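Protein chains in written order, with this note's numbering: chain R, 1 to 313; chain P, 1001 to 1313.
The set of hints was computed from the structure by calculation and includes no laboratory data. One thing to keep in mind: the hints can contain errors.
The calculated DMTMM-like cross-link candidates involving lysine to aspartate or glutamate, where the alpha carbons are at most 20 angstroms apart (straight line), are [unchecked claim]:
| # | chain 1 | residue 1 | chain 2 | residue 2 |
| --- | --- | --- | --- | --- |
| 1 | P | K1305 | P | E1192 |
| 2 | P | K1305 | P | D1172 |
| 3 | P | K1214 | P | D1172 |
| 4 | P | K1232 | R | E234 |
| 5 | R | K260 | R | E286 |
| 6 | R | K305 | R | E193 |
| 7 | R | K232 | P | D1172 |
| 8 | P | K1305 | P | D1292 |
| 9 | R | K214 | R | E193 |
| 10 | P | K1214 | R | E286 |
| 11 | P | K1232 | P | E1258 |
| 12 | R | K214 | P | E1014 |
On a predicted model such as this, the values are computed, not experimentally measured, just so you know.
Chain by chain, the residues:
Number of protein chains: 2
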Amino acid sequence: MRAATIRDGEVLVEEHPDPEPGAGQVLVRVRAAGLNGADQMQLRGRYPAPAGSPPDIPGLELAGEVAGLGDGAARFAVGDRVMGIVGGGGQGELAVVHERQLMPVPDAVGFPDAGGIPEVFTTAHDAIFTQAGLRPGERLLVHGAAGGVGTAAIQLAHAIGGHVTATVRNPDSRDAVAQLGADEVLDPEGFEEHGPFDVVLELVGAPNLGANVKALGTNGRIVVIGIGAGAKAELNLGALMAKRGRIMASTLRARPLEQKAATARALEREVLPGFATGTLRVPVAETFALDDVAAAYERFAAGGKLGKIILEP
Amino acid sequence: MRAATIRDGEVLVEEHPDPEPGAGQVLVRVRAAGLNGADQMQLRGRYPAPAGSPPDIPGLELAGEVAGLGDGAARFAVGDRVMGIVGGGGQGELAVVHERQLMPVPDAVGFPDAGGIPEVFTTAHDAIFTQAGLRPGERLLVHGAAGGVGTAAIQLAHAIGGHVTATVRNPDSRDAVAQLGADEVLDPEGFEEHGPFDVVLELVGAPNLGANVKALGTNGRIVVIGIGAGAKAELNLGALMAKRGRIMASTLRARPLEQKAATARALEREVLPGFATGTLRVPVAETFALDDVAAAYERFAAGGKLGKIILEP
């Protein structure tokens, strides 16, 4: 099979042996695979794939059709449309995934859109609900709201009756972010005047930390998922105590199978129905053929887009 | 009634009008009232009593006998032995407390010991179980383990089968801390070599933060309750993400009635049986008569003790 391949700091297309599904695994013919920030970090050598994933084929999410089943795999049949997060290897013509990490693609969702759902909706759902416990009526602040995880978080919080404040750096993204369900869309400068917030979803990095604590309400939670703008900042523990606040930091990729499977079950139960009814959607900024993978990565790195960049192997 | 009183940065004994129990409240004839770090902070003008508590009578915990009942108060009868946390006003001959904040004193516990139980056991139980969710078999690190909250946390974690590592500054306290149930007692210097820890109970302050994150295990939780050694430190969010770790900061005093009542019910259910059987105990370092309140505060401030300083009004 052909697959996107990271080789000496560049991404190109190479021939690889077809992967074979092991016990409990499904062979997926990949139809769509979203790009994510983690791919960019892996390209720069800063985010190696976890053990058990292809070390040189990037891609943390995929959607496609079941092309084969390993021993004991029984959740899906050949031909079923499936999607899921993977530890790596999503951006090839074929991939193997444990069946418990996969979800059915709702009938209402086509390719390439399905290839952009798993990573950002799993990350956003896990962060704001499973980790931070966002409740109806609470106020959510999303930093970096125009990105993939941000657009997912806005929709998920809006759908349960949360009040969503979004910060976006690029003024051109404001209208689209508001249309996804943000009640307020702000420039990042001075956001702390608009609190108090019950939950802060931090997708930008450490420079916001001090102001996040200031803007936090009593019993507020800050969930840190992205640190592209920096990792280190001063924390005032006294200020955090006065709010009885929490800082939760997380990543998805390194989690063991049982935890990734649990996130898939949570999405099937709480998120996929929203795609079936059309309440939720994944904005797709642009699609690329596998042969154009280098251009796709350049487009992602350029930023300024709203929505996902998706490869179609 | 006579009560410890904070006046112009000094603590002395003054006459006050007898408090009267309002609806749902209990009038308690105080027999024992523990001193806590918060009293010292209030003495220095840095921790004013919350609304609804006497502004000038210190004391966050008390034990005594029921001397009167307000409208609708029905959980206790006159003469019952009770104890509980209060927002202030514990260190007087009489105090009023909402009945749902009070707990019965187990038969096996006498005065003055009962006066040293509520604040430290509520704080420790809330921090390591309710906040951090410590589980049997997990590893707990307690910084400042010779203090009141530290000695309570060691006993509580040991009782459920946790593995407890304690740091103490004063080498003279090591044996006593080990006898309370600590599996390892360390000097604070270099503690991070002894991880990974599932839960860190921080009773000292910000200077430990960086090493706490380094010493944290996957899915580890740092609970910050005391910051006497400093409030501000650099936090590496990338390191915290790699651990999928959490920092939780909390205080008890400012919480509303319903939350304080919930902590009292949790103690009745999960902690008081340990006092009834003798598994748990509150080390008492020294007791003082109400007239000697200034000497009691000086003794507390001098440090180096293991266990509680308790006033006997």
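Quiz item: Does E193 of chain R lie within 20 angstroms of K214 of chain R when you go C-alpha to C-alpha?
Solution: holds (9 angstroms)
Quiz item: If you draw a straight line from the CA of K232 of chain R to the CA of D1172 of chain P, is it 20 angstroms or shorter?
Solution: violated (37 angstroms)
Quiz item: Do the alpha carbons of K1214 of chain P and E286 of chain R lie within 20 angstroms of each other, as the hint requires?
Solution: Outside the cut-off at roughly 41 angstroms; violated.
Quiz item: Is K1214 of chain P within 20 angstroms of D1172 of chain P, Cα to Cα?
Solution: Judged against 20 angstroms, a Cα distance of about 28 angstroms means the pair is violated.
Practice problem: Given the hint that K1305 of chain P pairs with D1172 of chain P, test it: the Cα-Cα distance must not exceed 20 angstroms. | Solution: Status holds; Cα separation ~9 angstroms.
Quiz item: K1232 of chain P and E1258 of chain P: Cα distance at most 20 angstroms?
Solution: violated (31 angstroms)
Self-check item: Pair hint outcome, K260 of chain R versus E286 of chain R [Cα-Cα no greater than 20 angstroms]
Solution: This hinted pair is violated, its Cα atoms lying about 28 angstroms apart.
Self-check item: Given hint E193 of chain R paired with K305 of chain R - CA-CA distance at most 20 angstroms
Solution: Violated, at about 27 angstroms.
Quiz item: Taking 20 angstroms as the top limit, are the C-alpha atoms of K1305 of chain P and D1292 of chain P close enough?
Solution: Since the Cα atoms of K1305 of chain P and D1292 of chain P sit roughly 18 angstroms apart, the hinted pair holds (cutoff 20 angstroms).
Quiz item: Keeping to a limit of 20 angstroms between CA atoms, is the pair of K1232 of chain P and E234 of chain R held or broken?
Solution: holds (7 angstroms)
Quiz item: Has the given pair, K1305 of chain P with E1192 of chain P, been kept, meaning a C-alpha gap of at most 20 angstroms?
Solution: violated (25 angstroms)
Practice problem: Compare the distance between the alpha carbons of K214 of chain R and E1014 of chain P with 20 angstroms, and conclude whether the hinted pair is satisfied. | Solution: violated (39 angstroms)
Checked against the numbered hints above, the structure breaks hints 1, 3, 5, 6, 7, 10, 11, 12 and satisfies the rest.
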